[in-house]
Each structure stands twice: as structure tokens, then as C-alpha cells.
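K.L.:
The chain contents come next:
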Amino acid sequence: MDLASFIGIALACIMVAGGIVAGGDAGAFINLPSLLIVVGGALGGTILSNPWKRVLSLGQILKKAFFSESPELISIVQTMVSFAEKARREGLLSLEDDAEQLDDPFMRKSIQLVVDGTDPELVKSILDTEIGLLEERHAGNKFMFDTFAELAPAFGMLGTLIGLIQMLGNLDDPDALGPGMAVALITTFYGSLMANIFGIPIARKLTVRTQEEVMTREMVVEGILAIQAGENPRLVEERLKVFLPPKFRKAFEDKEESQ
Amino acid sequence: MDLASFIGIALACIMVAGGIVAGGDAGAFINLPSLLIVVGGALGGTILSNPWKRVLSLGQILKKAFFSESPELISIVQTMVSFAEKARREGLLSLEDDAEQLDDPFMRKSIQLVVDGTDPELVKSILDTEIGLLEERHAGNKFMFDTFAELAPAFGMLGTLIGLIQMLGNLDDPDALGPGMAVALITTFYGSLMANIFGIPIARKLTVRTQEEVMTREMVVEGILAIQAGENPRLVEERLKVFLPPKFRKAFEDKEESQ
Amino acid sequence: MDLASFIGIALACIMVAGGIVAGGDAGAFINLPSLLIVVGGALGGTILSNPWKRVLSLGQILKKAFFSESPELISIVQTMVSFAEKARREGLLSLEDDAEQLDDPFMRKSIQLVVDGTDPELVKSILDTEIGLLEERHAGNKFMFDTFAELAPAFGMLGTLIGLIQMLGNLDDPDALGPGMAVALITTFYGSLMANIFGIPIARKLTVRTQEEVMTREMVVEGILAIQAGENPRLVEERLKVFLPPKFRKAFEDKEESQ
Amino acid sequence: MDLASFIGIALACIMVAGGIVAGGDAGAFINLPSLLIVVGGALGGTILSNPWKRVLSLGQILKKAFFSESPELISIVQTMVSFAEKARREGLLSLEDDAEQLDDPFMRKSIQLVVDGTDPELVKSILDTEIGLLEERHAGNKFMFDTFAELAPAFGMLGTLIGLIQMLGNLDDPDALGPGMAVALITTFYGSLMANIFGIPIARKLTVRTQEEVMTREMVVEGILAIQAGENPRLVEERLKVFLPPKFRKAFEDKEESQ
Amino acid sequence: MDLASFIGIALACIMVAGGIVAGGDAGAFINLPSLLIVVGGALGGTILSNPWKRVLSLGQILKKAFFSESPELISIVQTMVSFAEKARREGLLSLEDDAEQLDDPFMRKSIQLVVDGTDPELVKSILDTEIGLLEERHAGNKFMFDTFAELAPAFGMLGTLIGLIQMLGNLDDPDALGPGMAVALITTFYGSLMANIFGIPIARKLTVRTQEEVMTREMVVEGILAIQAGENPRLVEERLKVFLPPKFRKAFEDKEESQ
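Sequence order for the protein chains is A, B, C, D and E. So the first sequence is numbered by our numbering: it starts at 3 and just counts up by one. So the second sequence is numbered by our numbering: it starts at 3 and just counts up by one. So the third sequence is numbered by our numbering: it starts at 3 and just counts up by one. So the fourth sequence is numbered by our numbering: it starts at 3 and just counts up by one. So the fifth sequence is numbered by our numbering: it starts at 3 and just counts up by one.
Mixed in with the good hints, there may be bad ones.
It does not matter which identical chain is meant; a pair holds if it fits inside one copy or across any two.
[As the list claims (entries may be wrong)] Straight-line alpha carbon distances no greater than 30 Å define the calculated DSSO-like cross-link-like pairs of lysine-lysine that follow:
id	residue 1	residue 2
1	Lys111	Lys126
2	Lys144	Lys111
3	Lys55	Lys88
4	Lys111	Lys65
5	Lys66	Lys243
6	Lys126	Lys66
7	Lys111	Lys66
8	Lys144	Lys65
9	Lys66	Lys88
10	Lys65	Lys55
Hint data in this document are derived by calculation from the structure and do not stem from the laboratory. Being a predicted model, the structure only gives us computed values, none of them experimental.
Next up, chain A with everything else stripped away, as it sits in the complex (with noise of 0.2 Å):
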């Protein structure tokens, strides 16, 4: 689980709730016409701009925003070099058993093609397309929640119109006019609110998301090349290295050194 996700989302919503509370009278901001207007309306727009599979996938893919974690850059790197010593005392075709026992598929499948005695250049090529569809992948789910978090404020601004238009054409009763266009206000709350503390984070949460899981990959092709090559397991991990931001590079090293 990601807790700072929950973190950060609570936080966000315990302040504007605050915020409503503080100032009195908090029912004035519960309004189904307009939140149905908000919801209902931007959805619509979501699923109009978008492949029905993907709109199916929602839940998955906030799941992903909310519960998959940061990957280990340290152990990629622990486990490629475990084989890359493997491979240089007992042969590529040793890694077949460990790879079965792998939990990510990206690094079984590489391992297999390797073991399949794969032509490297192949191996890159499949592996890369895999990488560049993930992004192609990822970008639209990203794109979904940018749809969204677009549309949100515009039909909210689209429903604040429309209470103003109906309160201005009607002014019989001056005394209506304040609490008219406070409802009128509260779809733009809404479309507001949805984007702010929903659509635009959890978009870029996605992005942090793929860029995250691309490097891992971009790590294991790294690895599976050098150890397919026969390379030394000490450059393998001098390889690799280079993707650990400094502070993570001097922790594992004194790891190393423990040993």
C-alpha cells in the first residue's frame, strides 16, 4: 500500500472539509442536481473521449495509483548481479529455474529469452517494444484522468451557468437572489474540488507511476544484455549502479561492504 497516497488525499480533503466547517453551515454544500451535473457530465465526456476497455480497467488502474509501492531499485540490482555470478559459474541456462520462481513477469520473460538463446539484438528489440507499449499503455490511463480533471470544472462552470441563467431571469424575489447563486457557485465547487483533489493528482501520480516501473525495466534490459554478453558481474553491478539515486549508491555500497 501506498500511505502516502492516502496521506496526501485525506489531508487534502480534511482541510476543505475544515475549511466548510469552520464556516458554519456545512448542508449548504451537499447539492445532487449539481454533483450529478459534475459527475455526470465529466464522466461522459470521459467515456466519449476514450476506449471502452480502458474506462472498464478505472478500478485497476486507481489501484495502482493507490496500492502499488515504489519499486526496490536496490534489489533489481541485487538480483541481476546474483544471476550475472550465476550465469559466469554455471552457464545462461542455469537462470531457467530461477526465473520460474520470479514474481515479476517482465524479468521472467527476458530471462527466458536468454535461456532460449535468443539473438541479443532480438532480445532488445522485443524487449524495448514491450517497455514503449507499456508507456503507450500507461499514457492513456494517465489520459483518462487528465480527460476528467478537464471537464470536471468546465461542467461545473457549465452547471454554475445554468443557475445563473435561471435565477437571472427570474428576479421576482430579491431576497432569492444570494442563496440562488450560492447553489449556482456550488457546481463550480464541485468541478473544482474533483479535479484538484482527485483527477490532477492522481494523473500525475500515474506518471511518477510509469516513469517508476520504466526505469526498473530499463534496468533488468540493461542487465540481461551485459549478462547474455558474458560480462563481468562487477561491471554488471558498476552498470546498474548508475541508476540508484547517490544516496541509495553509498547505502549499498556500505551494505556490500558489511557482507
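Keeping the supplied structure of chain A fixed, place chains B, C, D and E upon it in accordance with the hints.
P.N.:
Just chains B, C, D and E now, with coordinates in the frame of chain A:
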């Protein structure tokens, strides 16, 4: 037919219409001059911004957005693999008859080129150019909807400014202030509605369609070049399965095993 | 003449003018100082933003937007194929006379280079540089209209702010409030009108023109290099037909068969 | 001196000033605190956003925007062609004296490298790096004006908010409402004025200057490499003439013929 | 310490504070709930948008923006040239001791790789990957400030909407209208202040820092590869001097001559 597109646009329309009806007098939202300024102005600007032939193909573009379906990636893999098997068994020339029965003109052309004994590099260059030009044409179509989606709210605001200027220049009757402003705001409402319920989502759907179509064509190119190179059908399958989303890949493998 | 450009701008103008007349007093929309602030300010900023030579070629650029027509891609294919046939039959040198009769200076230059026996790589490099520089020049022209389209509403808002500040600083006569604000808003109206009816659509039309011109030139380069390489006219045709939109391709083939 | 820059900024200033004077009391538009918030705030943010050395070169950058002139592309072609002729006749070393008399340090350096017998690939790599770094430095300068142009209206709005909050918190005297709001709006006016009359157009002019300078340098690189390769002066001319806009090319050819 | 950063932020703060004090009651600008909505909301959204580790390194990132100084490009040239001289005289291995005394870990690592006899292509590949990953990490840090700068005004507007809705829903006391609106506007003020005085300028400063750091590293790579290739120290200097801005180059040459 792409049901999701209809569901999406219907959902958005119903929500907005519901919001109008719930608030009372729906008649206040019908105003022909406002509609003419927004639709006519944005359409005029769109015609000025685009080549005439593109404007004329509007119906066809809308049809693509609402009626064409997401391609069946799995069936492309299967077709290409079966072609690879046939080519291996009976030679490349044996594909000629199959090519003629294909619906997809791009796949047909690809096979025809290979059957004609065209040089592999030239095959790749011709097919890549074709994909690039498809992307350009589609980008042009999207550009037309983007222009409309950008100009509609702008002309909406122009209409509102016209209304405001006329109203403010003539304030003899204070009772007319509210209704006058209501009428002025309707143009903004129309402009925003047209952009957010129609222009923006359809432009985005067209992007999705382009991505889908480009991907299927890239699969065909990848496959046809492998077939021409006489690659093992098993390897052709491996190359193309990369294009399937992970979920589909599993389905594909299950299907294969059950055969 | 590009009729669509005139139809587009006329449609937008008529709709806005109709909206003004329908609402009553059109005279309220004529205000010289407001017009001067918007046009003068945006023009000044545009002159400051652009090289003087580009500003001077304004007339020519407008002429290109409104009068030049979409190129006849089919006739380019036919010309290049006929050149390929002649070159095959009578040698490359035989193209010299045809080149001199061509209207298009780019096509003329391309053939001249080939007739002069220039090295194919150098031919490609010179022609590609020329296309790249054409794109740069056209991007500069579009940039001028973009600047105008961005500055016009900004100066419109500046004019409105001037009007508002003057009106608010001097509220002795409440009856003057409405008309004062009406006058202030006219500048915003002018700025927005100029951007949306003129600046933005013309900038976009220029983009379309650039794309069309670049594509025809790329066709010429593709064709001329194939001719220089002594390729089969049939193959030259195949290479160039790729550039035609699918619909045209069919028309082209029908035409050929009926010959 | 780049007259157009002065004409442009003067035109915009006069139009705005005229709009102010035409409307009456110009004194209402002078407000020192508002000016300090906008200029001081935007300047502060710009200093924080940029390296100190760049801020210090502000004067030089403004000088470049207002005083440097568009380069004479034709004279570059002529110089390079005359060098090519001399190099052909008297050898590359004969260019050394000419190089020393050149004003342009880039051209001087290019020739010096060739005279020194540097390897062609290294010449290209050094000169390309230099062009790339010039683009980066110029992009940094533009970035400074972009930042100012973005922050000025933002601080303008901040000043207006300050004014509004103070005015609304203290509504005892309704007569002060109008003038108070007028004062508040002046800050927005200043911010928008500074961005649109100064920041945005100058940032764009700097882009134009960069493009011009890069193009002249690319011409020099193209020319010097051809000279080093001992190419025919006629061909050097052909290569460089491509960089001239079509109109100039004709002028160039006429000039040549009349010689 | 980067004095300019402190001067910049202080200048902006003083101007805004001065504007507040000049207008009277500064106490009206302190409102805890408004502050909580803006800071808490924007912080929450930023936490949700970013990986937890990046959020934790906030202090370090701020330190980089405010305390790290622009690198001394000249001293890098001098160091690399002196290494080139030593390597020529005493061989590459003689650099090992110098490397250990270097502060900059990147330069140290570069030399270590060369001393270890790593293949030049691999040296380049490892160092380029490291630079690429540095850019990615820094882009992530900037992204965090961008998110904050985008969300702060959005939550400011949300707070203002909350205030307006509460005020409009309860108009019994017309005297409370002004102050109520003043309070509502404070949230917008906070949001805009935080974005423009803090978020945007710091995000931009981080971009500048990244560019500076990347450039110094590219200089090190360029130099170390030349040293490894055994190039003449004079040529190494020539290659690296290109990276200095023109003004510095002259200073550099003067310095050399005076030695």
C-alpha cells in the same frame, strides 16, 4: 458501432438537461441568435482554419468517432501467425489468394508487396511512410475538432459581450437587467456546452482511434517483415504478442492451449 | 482562390454582425479609441516581436492564406511518373527541357540538380535543407499571426481596465455607470473578435498551407531520387501513390484504367 | 539599430497612452505602491528564478533585442564563396589573413580551425557544440523575460486582491467604493501592461534573434566544411543559396549576372 | 550560498508586504483557516502526486535552490586541462591519486573509470546514463514544485468559493457582505502568493540548477574522453573552452597569457 461513445455523450447530455429541467423553466435556454453566433462563428472559423476537403469529410470523421470499433488485436496476431505458417509450408507466393480476401486494405497491400518480391527495405519504407501519412491525416481531422472546441467558447464569450454591451448601454428599465444578463449568458453557456460535450471529447476520441489504427498497422509491418524474412511462426507470434496488453496475452495463451 | 477561406470568414462575420443587429443599436459597437488601442497595441507588439522583413511581407502572407489553393497531389504523381518514363526511355538529360517549362520552382530545381549530374546524396541534402528552411520561414509567418492573436485580447483587456478605472474613479453620476461599462467592454469585444475571427484561424490556415506545401515537396524529393536511381516508373508511381489519401488513390487507379 | 523594435514599442505605448488621455484624467493611472508591487514582485521572482549572471546581463540582452540588426544573409554567401575561391586558388592556409580581419568571432574561429588543419569531423563537432550552447544561452535569456512576463500579471492580480480585501473589509463610506476599486484595478493594469508591451514581445524578439544567429552560423558551418573538403566554389554557392529566402535568391542571381 | 535567490524572494516579499501595510490594516490579511486550506490542500495534492521519497527530500531540494552556487566553468576547464597534461606526461594511471582528492563525485568516478582501463565506449555509455538519470531525478523534483504551484491557486479558489457560498446563503445582515467577501478573497490571495513568490520561481531555479549541473558534467565527459584518447592538452582546452560563454572565454585567455 462504438456503444461507449453513444453512452458517453448521452450521459453528459442527460445530466445537463436534467440540471436545466430540475431548475425550472427550460424554455429560457433556447435562444436562436445565441445559437447562431456560437455555431456559425465557430464553424466559420473552423472552415477558415482548415482545407475545404477536410471540412467536407466531417460526416466521415464523425462516423469514425462514433461507429468504428477498437480493433481485435488478438485476431491480427492469429492472422499473421497463420500467414507465417502458410508461407513456411507453401512459400510466400501462396499468400496471394489470402491477401485478396482480406478486408483491411493495409494488410492486403503489405502482403501484395511481399508477394511481388519487393525488396524488404523498400517494403518497410513504403509501409512506414503510409503509417506516417495516416497519422498526419488523422492529426488534421483532430485539429479541425480542436479548432471548433477552442472557437466555440470564444464566440460564446463574444455573444455574451454583445449582450452585455447592449444591456448596459440602455439601462432605462432596471427590471430588464436580470433577464438581459440571462440572455447574454446563454451564449457563453452554448459555447462551453458545445466545446465540452462535443468538440473536446470527440477530438480526444479521434486521437484514440489514431493510436489504435497505428498500432494495428505497426503489428502488420512487424509481422509481414518477419514473414518475408522467413522467420519461424513461433517467433512471429512472440514478436506480435508483445503488442497485446498483459491481460490479453494470457487470454491468448489459454486459447491456444485449449485448442 | 481559396473559396473556403472567404466563406469561413464571411460566415463568422455575418453571425456576429447579425447578433449585434438583432439586439438593436449597432452604433454602440463602433468606438474609435477602443479600436485604436486594440489594433495599434497588438500591431505594435507584433512589430516588436518580429523581424521587420516579415512584417513587410504581411500582404503576401495573407494572400497565401486566402488565395493559394490546395495542391493537386494527383497531378504531381502523374508528372513525376511521366518524367520517370521519359528518363528511362531517353536518359536523365532529356528532362532538361521539361524542367524549364515547370511552374513550380522547387520541382524545376530538383530536376536541374539531377540533370547536372549532382551526387544523389547531395541532391537529397540540398532539397531537404530547402524544405526545412521553408518550414522555418512559414513557422515564422504563423508566429506573427499567433503573436497578434495573443496580444489583441490582452490589449482589449487593457482598454477595458482603462475604461473601468476611469469610470470607477468618477462615480458622481450613477446613470453613467452602465454606458461607461458598456464602452469599457467594447475594447474586450474588439480584442476577442480580432483574435477569433482573424488571428487564430489565419494562423491555423497557414499551418495547413505549410503542411500541404511540405508534403508536395517531399513527394518531389521521393520521386526525383527514385528517377535519379533509375527506378522502374511503376515503382515510382507506387512510392508516390502512398502520399495520396485512400479515396484519391482509388480515383487515381480508376483514371489510369480508363486510359 | 533595429528601428522596427522602437516603432513597435512606441506604437503600443502611444495607443495605450492615447486611450488613457482620451478618457480624461491621466493622473488616476499613476500609483507608486501599485507600481512597486508589480515591478518589485515580478523582478524579485525573476531574480529568484534565474542565475545571477544572467540577471546582470539584462542590459546587454535588451541591447540585443533593440539594437542588433537582422544579419545580411547575402553577404555571408558572398564571403564564403570568395573564401572558397581563394582557398581553391591559393590553398587553405591563405585564408589566415582574411580570418583575422573578420568581425564575426564565429566565422573567424571556423576559419582558424580549418587553417590549423583540424580534422573535419572535429571542426564540425566543435562548431555544432558552439551553436548548441549559443541556443542554450539565448534560451536562458528568453526564459528570464518569459518569467517576468508571467509574474508581472500575477503580481498585478495580487495587488488588486490586496486592494479589494482592504476595501471590502472597510465599507463604512460607500462613496469610497468606486475609487477604491479603481486603485485596486490599477495594479492589474500595470501587470498586464508590463507583460504585453514589454515582457512578451521582447521574449519573442529574442527568439527571432536566436533563430537568425543560429541560421547564419549554420551557413558558416556548411560553407566552411565545403571549403575544407575542397568543393567547387560554384557548389559552395549552391549549398548556401538554399538558406536565402526565395525572393533574395533571385536578387542574388540578378546581382551576380550584372557583375 | 546563492545570494541572488535570497535577494529575489526578499524583494518580492517586501513589495507585497509594503503594499499591504501601505493600504492600512495588515491584520485583515491573517486568516488561519484560509492558510490551512491553501497550504494543506496543495500539500496534500502534492504528496498524492509524488513518490514519498521525493517529498521527504524537500529540505534538500530547497537547499539546492537557495544554497548551491553556479559552477565555476573556468576551473573545470583548468582541472581537465591539467589532467590532460599529467596524463600525457605520466600516463593515465597517474590520475588515480588526483581523482581521490576531488570533491565532485562525478568527476572522481569518470577518472576512476578511465584509470580502471574501461573501454571508452562503455565509459561514455555509463556517464551518459548517469547524466540522463540526473536530469530525470531533477525533473521529478521540479515536478513537485510545479504541482504545488498549480494546486495552491486552485485550492485558493476553492477556499474563496467556500466563503462566497456561505456568505451568499446567509444574507440577513447586508453589512457583513463586504467583510465576508474580503475573508473569502484572502484564500485566493494566499494561493496566488504561494504560487508566484515561492512555487513557480523555485521550480524555475531548479531547472536552471539542472542545466548548470548537466553542462558541467557534459564538460567532464567531453574532457575525460579526450584525455582517454590521449588527445593533445591544447585540443582538450579547445574542446572545453567552447562551453564557456564568450565573455568568459576572453577572461580565460587573458588569464592564461598573464601566467
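K.L.:
All the hints need checking, so say for each whether the structure fits it.
P.N.:
Here's how the hints hold up against the structure:
1. Lys111 / Lys126: both (12 Å within a copy, 28 Å between copies)
2. Lys144 / Lys111: Within one copy only: 26 Å inside a chain, 35 Å across chains, cut-off 30 Å.
3. Lys55 / Lys88: neither (42 Å within a copy, 33 Å between copies)
4. Lys111 / Lys65: within (24 Å within a copy, 40 Å between copies)
5. Lys66 / Lys243: both (26 Å within a copy, 23 Å between copies)
6. Lys126 / Lys66: within (27 Å within a copy, 36 Å between copies)
7. Lys111 / Lys66: Only inside one copy: Lys111 and Lys66 sit 22 Å apart there, 37 Å across copies, limit 30 Å.
8. Lys144 / Lys65: both (13 Å within a copy, 26 Å between copies)
9. Lys66 / Lys88: Answer is neither; intra-copy 33 Å and inter-copy 42 Å both fail.
10. Lys65 / Lys55: both (16 Å within a copy, 20 Å between copies)
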